[in-house]
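> The lines below spell out each chain.
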Amino acid sequence: MPEFLQPWFLLSLLIFPKLGLLWQSEAGRWVVVQIAAVVAIALLSASRRFAKQPSNASLHRILENLPIMLNAFDAKGTIIVWNQECERVTGYSAKEVVGNPDAMRLFYPDDAYREAMMAQWEEEGSGQCNWEWDLTCKNGSVKTIAWSNISDEYPVPGWVRWGVGIDVSDRKRAENEQRKALTLFQRLIEETPLVAIQGFDQNGIVHYWNQASTTLYGISKTDALGKPLEQLFPTNNWSAFHTLLSQTCELGKATEPMGWTLTTPTGQDVNIYSVMVPITQDDRHTEVFCMDVDITQRIWAEQALRDSEERLRLTLNFTHVGSWDWNIQTGEMTWNDNHFLLMGLLPTESSVVQREIWRDRIHPDDQPIVEQAFAQALNTQTDYEVEYRILHPNGTLHWVLDRGHPLYNEQGEPVRMLGILLDISDRKHAELQIRQLNEALEQQNQTLEALVEQRTSELSTLINNLPEYIFVVERDTMRIPFCNDLLAKSAGFSSRTDVQGKTIFECFSPADAAYFAEQNRQVFDSGEIFHTQEKLELPSGTLYLDTYKIPLKRHNGETYALIGTSRDFTELALARQELMQQSEELRQTNQQLQTEVWERQRAETALRQSEELLRQIFDNAPLGIALAKISTYQFVMVNNAFCEMLGYTPTELMENSCPTISHPDDAELEKPSAEKMLQGEIPGYQLVKRYIRKDNHIIWGNLTTRTIRSETGEVLYALGMVDDITQRKHAQDALAKRTTELEAINRELESFSYSVSHDLRAPLRHIGGFVAALSNYLQQTGATSDPKVAHYLQVIGDSSKRMGLLIDGLLTLSRVGRRQIEHHPVNLLPLIKQAIWLVKSAQTSDEATQFVIGNLPVVRGDATLLQQVFSNLIDNAVKFSRLRRPARVEVGTLPDGTIYVRDNGVGFDMEYADQLFGAFQRLHSNAEYEGTGIGLAIVQRIIHRHGGRIWAESKLEQGSCFYLRLEIDGQEECFE
Amino acid sequence: MGRRNALNSVIGRLLLVEDDPHDVELVRMALEPSNLNYSMDVVFDGEQALQYLFGTGDFRVEQPLPQLVLLDLKLPKVNGIQVLQAIRTNPRTRRLVVVVMTSSQEDSDLNTCYDLGINSYIVKPLDFQQFLEVSQTVGSYWMTLNKPPLAVS
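Protein sequence lines correspond, in order, to chains A and B. Per the working numbering, residue 1 is the first one in the first sequence, and the count goes up by one each step. Per the working numbering, residue 1 is the first one in the second sequence, and the count goes up by one each step.
Calculated from the structure, these hints are not laboratory results. It should be emphasised that the depicted structure is a prediction, and the values quoted were computed from it without experimental measurement. In this text, a Cβ means the ideal position worked out from N, Cα and C, and glycines have one as well. Just to be clear, a hint being listed does not mean it is correct.
Label pairs and their in silico Cβ distance ranges [unchecked claim]:
hint, chain 1, residue 1, chain 2, residue 2, range
1, B, Y114, A, D666, 33 to 39 angstroms
2, A, S755, B, Y114, 21 to 27 angstroms
3, A, Y929, B, Y114, 36 to 42 angstroms
Which chain A residues stay away from chain B? Per the calculated CB distances, all over 10 angstroms, these [what the hints assert, rightly or not]:
hint, residue
4, L811
5, P857
6, G948
Model the full structure from these sequences, guided by the hints.
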């Protein structure tokens, strides 16, 4: 019989399934491991024993089926054995694990964990049991495996190390949960805020003290532990406690809950409700736990409630408030003493009465109201309240106020009603009195109002019928809260209601409103009465007003408005004005009269003087003056001059009329003007006419007439003033005649000039032409070789030329005289340059003259003629200085504006200076200096025609200087 | 030779209006020596001048218009101003070249002539030499150098 089949082994196999149970205890675990080891050894030794004829199949089957995990490692640490239990627990098959160098990595994927485990395994070595490792299974779950390394104790050849393991995951979990539950329970006990828990031994020494105990008793855990209760609560009597403690320990049963009152070390009374629970251990009860609940607050509350009820009861009694409690189901009522009294009954021993007793006491008239109130309260589930009368047995009536609150059961049916009853007779009486008083007051009030209304109406009537303007103006808004109709009308409104409530700005024109506002402000600001008399232009017309504005003040003296009255004194003012005006007119009339008297006196004097003066003027005037009647032209007044002029005496003239002395040939001329004057269309006329003297001589008179009218505007007289212009007339006629003659001469002259230019020049030209022709012809025939012939021809030619020049000069002179002079600004500089240029162009180089040009002005004149002047002067200067070396000609202006042309030529004798500017006057022979003698004549004529002046200064052989004065244009000068 | 012939060939006509036979002779003398290639017609008063230009009176046959009219102002019957007016108002003769040659230096004559649209105004120089030069210059200028406007038909 193989060794492993020995009975102990079989037994061990039998109990194998129970190994899990054995594992529960420390000792059991050891037993299991030992058994596993023994089984393994037995198997191995058996295997060794049957080495030669191994029964590998059997061995393997055993190992495979062994219900504990078994694995082994070779020297390299590679797993070489992995039994079926290992496969079952981990989910990894032997195929996956055996020979897999990374197998450990599969089981323990956390590197740190794995390495720590391996190290420990190495370090602790063999003989170690119960390493608990968390192995990760193939399905990812983690299982706790308890391993035992028994390699050294039970060496197996070929297995360097080996071990057995058991899956303790379930146990582990159970352990954890138990631990968690215990912890939770301990914390619950420790931290519960409601129950103070203490643990005692049999002698009352504290060995547990939770937080609630500390809170409740004010003793810390450390202070409490290990101390007897007597020491913790010295003022309390603990005998009862000890008795209870002993009983509890003895009986091993928890006590009934009971109340205690403890005085804490701080002297506070604590009411607790406590249960004492014995802790059973080894069938003995040596420990007790006390669980205390603080009921101090509740006791207080109960006490307070009791006190409150008592107080209410007392209050009700004291205040005569009746209270009742009606049990609706039984119909019984419980009353307090007051209620009885209020019912007019004496309180009985039993406070319970039937409801009828109460109902009978209600005044019959009020019973329906009361029943209705009850019904309504119950129907609507509201409180009941009603006032009614109680009829006392002694016949008196009392008013009560009854209030009740119904209570309902769970089905919503009314079961009870609690209520109170108040005697309100006093109040009712008071109400009655008040009502009566109110009525009386109301009546009085109405009377008063009527009175006020009446007075107001009267006042209003009065105010509106007053002839004064009355108004009130508020300070802040300038609003008119009140005024009378008169004021409203003055502002253009029909009634005061249109004005009241409006501001003055709305009622009056802006100017008027501003005027009033200014007045009002004065009143508001000063707080004093304002009085003025004013004239206003209002829509209703011009008003003269005597106005008072009186401030209306509050108690504090502040002006809040003003009341104004304006009395209309327009009529008075107008009357006064009229009176004053009349008085003024009277005064003025008086003054005027006075003035008139003076004026008249003065006028009379003046008139007299004036008449005298006029008479003298009239008589002595060098002008003939006559006054004739307009109707007949009969003279009524003539002066001395008039008489003398006509050779009549005044008397003779007075007998005559105007036509007598007028030349009949001028009558037609005078007629239209005379008639117009007669009609009054013209005030007079002027006319030059002839008069016939007494001696029949005819004289010329310049007549000026004027009509003289009456005060009514009627033309009465014709005044004639005649100036004897006979002399002047003759002179004028002579002049006119002369002018005509002169004009004719002039025309003749012009015609002559024209003729000269044509008629004289033509033959001259012909002479010149034919002489030239002749000379040509003679040259062809050789006749000119005779010097005499040549000389004669030359003389004829020169003479004709010279005559031509003379005629040209004469014509120029004549043209200058006739030419219309133009007056323009003329700059002399270019004129003189032109003249010089003309001269120079004709000169030969050896004759070259030096020209010096100084300042030259701009003058007013005719440029063409002035060109002629300077050409002639410069021509002359060059001509007469041509023998000088160097010849020198200067043109310039003196400081006084005189223009000069100076040469250093031959000059002339000043004795003949007066001949210088005469036509054809020459101071030098033609042989010496050629010329026509007309150049300077032309120059002088041009200068004179310009209104200028020309003169010359010279000395023989010392040059000449010609001076010119011309009108300078704006005094401007031109500088070279 | 060809050139000279061309110059000598008469290509234009000049009308001299001058009453004074001496002046006519002098103008002839002035213009003759020059190799001007134009002919000269002379009329002695304004009336003749108008007949010549407008083909009336003695000049029944209408002449082609001359290239240049040398006009004196002081003329018998119809004076130079009137002749000028007639020339300028007739559309046919409106553009005739008219040069006034006169002894008058009167401003009024000058202004009137220019107002009537003469082409030039020349005062006859007293000096015969100058007269020659002027006549020749005028002749050559207006007859050869000047490009006249096209005659209006």
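> None of the hints should be skipped; say for each whether it holds.
Each hint tested on the structure:
The hinted range of 33 to 39 angstroms is not satisfied by Y114 of chain B and D666 of chain A, whose Cβ atoms lie roughly 52 angstroms apart. Between S755 of chain A and Y114 of chain B the Cβ separation comes to about 23 angstroms, which falls inside the hinted range of 21 to 27 angstroms. Taking the beta carbon of each, Y929 of chain A and Y114 of chain B are about 38 angstroms apart, inside 36 to 42 angstroms as hinted. Listed as a non-interface residue, L811 of chain A fails to keep its Cβ farther than 10 angstroms from every Cβ of chain B; the least gap is roughly 7 angstroms.
Non-interface call for P857 of chain A relative to chain B: holds, since the shortest CB-CB distance, roughly 27 angstroms, exceeds 10 angstroms. Every CB of chain B is more than 10 angstroms from the CB of G948 of chain A (nearest about 22 angstroms), matching its label as outside the interface.
Consistency with the previously given hints fails for numbers 1, 4, ordered from lowest to highest.
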